[in-house]
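Engineer: Produce the complete structure using the sequences and hints provided.
Chains as they are written, first to last, in the numbering used here: chain G, 319 to 714; chain D, 319 to 714; chain Y, 319 to 714.
Calculated directly from the structure, the hints in this document are not laboratory data.
Just so it is clear, the structure is predicted and the values come from calculations on it, not from any experiment.
In this text, a Cβ means the ideal position worked out from N, Cα and C, and glycines have one as well.
One or more of the hints may lead you astray.
Stated by the list, open to error - A few chain D residues that face chain Y, going by a derived Cβ cut-off under 10 Å, partial list only:
{"id": "1", "residue": "431"}
{"id": "2", "residue": "442"}
{"id": "3", "residue": "468"}
{"id": "4", "residue": "470"}
{"id": "5", "residue": "634"}
{"id": "6", "residue": "685"}
{"id": "7", "residue": "693"}
{"id": "8", "residue": "696"}
{"id": "9", "residue": "699"}
{"id": "10", "residue": "700"}
As the list claims (entries may be wrong) - Over the 12 Å line for every Cβ pair with chain G, so calculated as not near, a few chain Y residues:
{"id": "11", "residue": "471"}
{"id": "12", "residue": "480"}
{"id": "13", "residue": "487"}
{"id": "14", "residue": "490"}
{"id": "15", "residue": "535"}
{"id": "16", "residue": "586"}
{"id": "17", "residue": "598"}
{"id": "18", "residue": "625"}
{"id": "19", "residue": "653"}
{"id": "20", "residue": "658"}
{"id": "21", "residue": "692"}
{"id": "22", "residue": "693"}
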Amino acid sequence: MASSSLFCTCPLQAPVSAPKTMKCYTDFLSNYLSLFKQSPNSGSHSRVLFNVKSINREQSGRLLPRNRVQCQALDVDNKPSILIGNKFQLDDVIEAQQFDRDILTAIFEVTREMERVEKNSRSSQILKGFLMATLFYEPSTRTRLSFESAMKRLGGEVLTTENAREFSSAAKGETLEDTIRTVEGYSDIIVMRHFESGAARRAAATASVPVINAGDGPGQHPTQALLDVYTIEREIGKLDGIKAGLVGDLANGRTVRSLAYLLSKYQDVKIYFVSPEVVKMKDDIKDFLTLKGVKWEESGDLMEVASKCDVVYQTRIQRERFGERTDLYEEARGKYIVDGAVLSVMQKHAVVMHPLPRLDEITVDVDADPRAAYFRQAKNGLYIRMALLKLLLLGW
Amino acid sequence: MASSSLFCTCPLQAPVSAPKTMKCYTDFLSNYLSLFKQSPNSGSHSRVLFNVKSINREQSGRLLPRNRVQCQALDVDNKPSILIGNKFQLDDVIEAQQFDRDILTAIFEVTREMERVEKNSRSSQILKGFLMATLFYEPSTRTRLSFESAMKRLGGEVLTTENAREFSSAAKGETLEDTIRTVEGYSDIIVMRHFESGAARRAAATASVPVINAGDGPGQHPTQALLDVYTIEREIGKLDGIKAGLVGDLANGRTVRSLAYLLSKYQDVKIYFVSPEVVKMKDDIKDFLTLKGVKWEESGDLMEVASKCDVVYQTRIQRERFGERTDLYEEARGKYIVDGAVLSVMQKHAVVMHPLPRLDEITVDVDADPRAAYFRQAKNGLYIRMALLKLLLLGW
Amino acid sequence: MASSSLFCTCPLQAPVSAPKTMKCYTDFLSNYLSLFKQSPNSGSHSRVLFNVKSINREQSGRLLPRNRVQCQALDVDNKPSILIGNKFQLDDVIEAQQFDRDILTAIFEVTREMERVEKNSRSSQILKGFLMATLFYEPSTRTRLSFESAMKRLGGEVLTTENAREFSSAAKGETLEDTIRTVEGYSDIIVMRHFESGAARRAAATASVPVINAGDGPGQHPTQALLDVYTIEREIGKLDGIKAGLVGDLANGRTVRSLAYLLSKYQDVKIYFVSPEVVKMKDDIKDFLTLKGVKWEESGDLMEVASKCDVVYQTRIQRERFGERTDLYEEARGKYIVDGAVLSVMQKHAVVMHPLPRLDEITVDVDADPRAAYFRQAKNGLYIRMALLKLLLLGW
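Structural biologist: Okay, structure coming up:
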């Protein structure tokens, strides 16, 4: 039940400008890890306690040299973390690995509340007066609009740029840290999309306001991971005992990798990997699942997997990963298509998911089936982001 | 008085993803047309009844297979449609042809109200809590700012992208329908600009929220058409009996084509076409006007036309239509200029209009004359869009 | 004490579309100048009285030919201008030269108030219902976000474009004046960034709503100048008697030029210029300072200057100014670096400032020192802009 393991796909970047903070964070990671090496199934679990980032708006005196993030690891009994009062704080959202089962449960509970927020109700105004900056170093309109909608659905305001590369362009040449220090002066929370793995972590280490990673290159996209798990619980009604078939590009897709990682936090999970040979799931995840006692198998038979699963999670084969080898791409992309035939063998309660955008790996006729959950999944992204914004700005 | 005719410049695109809806729409068009073939001047007229698009925010259960748009044609007596209670609904704004005289009258009445909305008054907050997505596949800053201003003047909020092409770019490759289904999850209404004729209609067929066409390539730009007609009524005080001179590029300009179409709904209208030979008004419009009993003539004498008209509607000769033939372009653009001389023969109550941007087809010295109505016309675009947003989101 | 002189780096552009207004403005400049040629230290000083731009939203009748700006020069006793009741009006913010000492004092007083505006307080809603258009002809994300944050921190709303060049692009080809007349119809205030010197002045001459210059090419960037002076007062506690070292690219940097100009309005100021030979401060500013009785000297010894100054104002050497001569650039940029050694000789109360972005002309280790004021300086830009928005939209 404990959520001990740390699965670092995104190595710490060095050097960063706030070494104290980073050192503290690194120490915490080591402590956290070692704690659970000692008692991996102890029935108690670790709880992270971050102090709230002090959102210092006064400027009436000089700022003291900053040492904002104090970390400590803390054993608690097997209570849901939400009961620990106001002490439990979400500080930044940087990577899937920062969430254990209890935090997920708590976030999902808030997410459910967000689904019930009605226009012009009191709860639709809880972030009134707050300002979110969407700092995008590359365009990702879908993700950006989802975050901005989330902020506005809660009464908050948005500063937006898809042109953040200008900060670090040849002519201007500013470091990410300097940009963050400027932008944090204008806003209460920063949602950042970057082309470099690890950029979100560097930003969070610098910022005195919360940072949400909206994707940093091949690194992490934690809100996508959260909405995927949330959608499974929402659609199927449970996470323990779930059977999920992950289909398509399992080598490069960060969504399926994060999903497999997060599902390992639940009991009695079974994962099927269905992919063309060239884009098979990598060994690090398989080894990790084995280590965590999660059952998994690889299969070349989508129909059989579909008939057994609660969730068929289809992904796009990304042409850009194949470079010149368009022959390999064409071979891979046509291999596992979710169509009417696949639907016909799926169970009545099962669903088809997809992180979108899709090309033709799910045929259009599937859309009309109630088991096509991918547009509802996209909508859940809105609710997850509303929940995170609330949690980061107002706390539990 | 009845508004029977359908003037389709924009053919139905096939295939679309919601065949039922489209079939229904097509059936309706046929019915509508045939109704009036039977009784073109019957004193009664057709009324379209769309059910409101169900803006389903609950997601608490599965969505039922959608069949959202039910259409029926309905004969009513010769009352203004605004008296039919709340049953008359504007669903989407896709093309000029969807408006008959009564709908125009009703929209203009709301538009007048919009002119009187004052800062921080109650009416300036009627769209509070609503979220508009401006989904622009090509930049059109003027149109976008006008819509966004309209939404904010009524207390609503905006999600904006001029980068929507990214959705359908080579790497991402999403269909318009998938994009719409994602964006409708984030917003309450979609304003779309697209480079392809018919795109707005496809979007509306897919979306469960209202769609406004902000221009789809060479196709339609219905809010421009509405603001043009509104401006004439606002400036001259009437539409029946109006004399309008359409000047400039009449072959390619969608604004003058739509304007001629809409003016045909009024009585005793006279239209003059003044254009260089290479960009003359096309036969389809002329035939249509003849069929509708609208008087029109072509003239090469701008001075004479200007002296007779209530409205001189000047347009820009578009260089991009001439390709390599810059000689033809130069010849065409210099031919009919509205300047002080033209003004001097115009009647005192008459006005000069222009859809903007202008180059030198109206000289700058004309601006100071009170009869120069083109900046007021642009401002009217704001009020028209406020009215449409109100109508689509709140109803009459 | 009087603020008589006019230091025009930005010549009047001709022709402009509102000749009357411009003529009036030019007359005023001459009067203003001549007044002070007569009595440069008279103890009384000139006050400018602009009528408020009439923000005509009615459109119920035709607009009268516009002659909106009436100017007159007015002698008053030596009272702070803020006491003159509501008659003193800030109309547009176009260039540093429009501010005299009293106006600066008054603006800084409002700026202090802005620092104290709290989330969801009444003062955070004073611009509710107002709409600001950020009309950027070139991207400047830092400046844009700062203005937009300022507007939203006061409850106002924003229309934004970094794509304003589209208005004047080859295909569309609209004049700046026409664009302004369109955009003023959508908004209550225009913040403009342009690539051409003098563009802001042209926009202000046309617009019936206030215009703020957010930088026009090599011309002016008055809000940067204001925030620089404000920061000095905020950090050091005074402006009279200040000792400032201006370091780096003094030939091309508009910030240091404007700063030197504005400091000349205070008494007993001493300015040190420290720069590589190729980018020395130009004679026009030096002559002006001499004329105004401001002490200045050039020095090649940064350490010595730093030890004497209250403010070390470092600037970036701009590579783009050197063209092919990267050798000269490399030589220039390495010459005067603010690092730990420089800090060690600075006085305890002194500060390091920088307009940002910085490259390596201030080393990163300086950031942790409380005397590093540049991020606070950036934050002050927010407060200055809040103050200007308040003043332009609501008055004193």
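Engineer: Now look at each hint and say whether the structure bears it out.
Structural biologist: Hint check:
| no. | hint | result |
| --- | --- | --- |
| 1 | 431 | violated, 13 Å |
| 2 | 442 | holds, 6 Å |
| 3 | 468 | holds, 8 Å |
| 4 | 470 | holds, 5 Å |
| 5 | 634 | holds, 9 Å |
| 6 | 685 | holds, 7 Å |
| 7 | 693 | holds, 5 Å |
| 8 | 696 | holds, 5 Å |
| 9 | 699 | holds, 8 Å |
| 10 | 700 | holds, 6 Å |
| 11 | 471 | violated, 7 Å |
| 12 | 480 | violated, 6 Å |
| 13 | 487 | holds, 18 Å |
| 14 | 490 | holds, 21 Å |
| 15 | 535 | holds, 15 Å |
| 16 | 586 | holds, 26 Å |
| 17 | 598 | holds, 23 Å |
| 18 | 625 | holds, 21 Å |
| 19 | 653 | holds, 18 Å |
| 20 | 658 | holds, 15 Å |
| 21 | 692 | violated, 9 Å |
| 22 | 693 | violated, 5 Å |
In summary, the structure is inconsistent with hints 1, 11, 12, 21 and 22 from the numbered list given earlier, while agreeing with the others.
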